[in-house]
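Just need the whole structure built from these sequences, with the hints factored in.
One line per chain: the protein sequences are A and B, in this order. With this note's numbering as the guide, the letters of the first sequence map in order to residues 1 to 256. With this note's numbering as the guide, the letters of the second sequence map in order to residues 1 to 305.
Careful, some of the hints might be misleading.
[What the hints assert, rightly or not] Calculated cross-link-like contacts (lysine-lysine; reagent style BS3-like; alpha-carbon spacing at most 30 Å):
#1 K211/B x K264/B
#2 K124/A x K52/A
#3 K211/B x K163/B
#4 K99/B x K284/B
#5 K211/B x K81/A
#6 K99/B x K81/A
[What the hints assert, rightly or not] Covered by chain B, per the in silico footprint, the following chain A stretches (three or more residues, Cβ under 8 Å):
#7 38 to 46
#8 221 to 229
Everything labelled a hint here was simulated from the structure, so no lab data went into it. By construction, the Cβ of each residue, glycine as well, lies at the ideal position given by its N, Cα and C atoms.
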Amino acid sequence: MLRRLLSTLLLAFATLPADLGAEEVVAGLSQNQVAITANFDGSDILIFGAVKREAPLPEGPPLEVIVAVSGPQVPVMVRRKSRQMGIWVNTDSVEVDSAPSFYAVATSAPLSEILTNTEDLRYKISTPRAIRSVGAPATISDSGNFTEALIRIRTEEELYQLLEGTVEISDQTLFSTSISLPANLTEGDYTARIFLTRDGAVVDAYETVLDVRKVGLERILYNLAHQQALLYGFLSLILAIAAGWGASAAFAALRN
Amino acid sequence: MQIYLPIAEVSVNLLLLMGLGGLVGVLSGMFGVGGGFLLTPLLFFIGIPPAVAVATGANQIVASSVSGVLAHLRRRTVDMRMGGVLLAGGLVGAAAGVKIFNVLKGMGQVDLLVTLFYVVFLGIIGTLMFVESLNAIRRAGKPGARVKRHKHNWVHNLPIKMKFRTSGLYISVIPPLMVGALVGVLSAIMGVGGGFIMVPAMIYLLGMPTKVVVGTSLLQIIFVTAFTTMLHAVTNHTVDILLALLLLLGGVVGAQIGTRIGTKLRAEQLRVLLAGLVLLVCGKLALELLLRPQELYSLAPLGAG
Chain A
1 MLRRLLSTLL LAFATLPADL GAEEVVAGLS QNQVAITANF DGSDILIFGA VKREAPLPEG
61 PPLEVIVAVS GPQVPVMVRR KSRQMGIWVN TDSVEVDSAP SFYAVATSAP LSEILTNTED
121 LRYKISTPRA IRSVGAPATI SDSGNFTEAL IRIRTEEELY QLLEGTVEIS DQTLFSTSIS
181 LPANLTEGDY TARIFLTRDG AVVDAYETVL DVRKVGLERI LYNLAHQQAL LYGFLSLILA
241 IAAGWGASAA FAALRN
Chain B
1 MQIYLPIAEV SVNLLLLMGL GGLVGVLSGM FGVGGGFLLT PLLFFIGIPP AVAVATGANQ
61 IVASSVSGVL AHLRRRTVDM RMGGVLLAGG LVGAAAGVKI FNVLKGMGQV DLLVTLFYVV
121 FLGIIGTLMF VESLNAIRRA GKPGARVKRH KHNWVHNLPI KMKFRTSGLY ISVIPPLMVG
181 ALVGVLSAIM GVGGGFIMVP AMIYLLGMPT KVVVGTSLLQ IIFVTAFTTM LHAVTNHTVD
241 ILLALLLLLG GVVGAQIGTR IGTKLRAEQL RVLLAGLVLL VCGKLALELL LRPQELYSLA
301 PLGAG
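Have a look at this one:
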């Protein structure tokens, strides 16, 4: 019995990277909640941490840090226009199975230099890897273009950010970076992942949740619209009629 | 000053929204059009998601139309009986239009169809109105030239005649019912009040006097857009009450100003201006279809929220 337990434990350790435990990341966020209020116009999140070591600083290439903040994963329909009978029409479409609504990667050096392709594949760190697209329709041979378009459009909207060299590391121990969340943020459970890499390989990773929520009036209106749709519809109409009547009455009074 | 909209989930400038509402309100009061054909594309332009723009635009039009119609009621330039007949046709048309819309949505290409509808209808109506009112202005300029008010056409030979005292008409109810139904169908498909179609139809087809047309059209628009708003609120949850509030704060004030401007201008001048505006929007939409877009790809989130 004891022997079996020991062997499973040993097996578990054997599958872990050999150098795990040598360097560990401890990190925190300046805030664990982002409240979307009526005057929300974006927010800066400060991410900071330290590397815990039990052994002396290893030889070789320096320690690098990658921070990835991701919004909830949702499917997206990507459509492409082409010219049909002289006018531009949506013709082809690819459904991307899941793409983060927000995705920012901050690194301490150019991403391709501090992360190998295999490690990227394993941990899904870079933006193209964070998007999952399988099974484009057979009529579309260039589904890669659709994923690229998705990244391009969201990068323009500042929803996807690649911030290379923005993580500051001091003495290979302390690090910090700041990620700005844009004003057109959607709510949900965001995750912040922090990776330590050496020579392109991930040494340790840390993950924490960032709660992005509408609060106050925004929350009340959103819930009402979805849970009491009929009431909400009437409320909108009453508001419209009252405003129209009010303005008319006010102007009539002004004239007399 | 920025404000985050709870349903649209974007942050926009407060004053920009109120200004947009005001501009559309002025047009609404002047011409008796809801302004939806202008407001909805403008909302797209400032980054409001299309579904939210269409639904909230309808709600805003309710407000500016109420404001406008009250001003007309005080001046007794609303033909209640004609409004009732148009509305009866309108509700039937809107119900049919919603069905058509859903069928097209199932086939995809609903965006294209809406744009094509806009281009075709705005183009035809704008051109007709422009030519007609320019001729009217030229005629009015010549002394001694007589303007024939009532043209006798097929409309006057149909059965079930009814007296419309405010409009000074004694015509069959069939043409107004048909106009109402057509507008209902179009407003459901295009997400607008339909004033830009109804106003010319009332003037040219039914022969109603221009000063009655605007108020009567607004009356009909209130009911059609209220119906559309409810439909969107219940089925798609895309009415943004905060966005509507800001738009209508500007809109209701604008509508009052527009009504005042409208009474100061001559009917022909009013029609030339409206025709010019309709053609402008039509031209812009046509260019979008004909020119190669900067970004060929577009995104639509699925199953979100």
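Going down the list of hints, with the structure as the test:
no., hint, result
1, K211/B x K264/B, "12 Å, holds"
2, K124/A x K52/A, "24 Å, holds"
3, K211/B x K163/B, "18 Å, holds"
4, K99/B x K284/B, "28 Å, holds"
5, K211/B x K81/A, "45 Å, violated"
6, K99/B x K81/A, "26 Å, holds"
7, 38 to 46, "holds (count 5)"
8, 221 to 229, "holds (count 5)"
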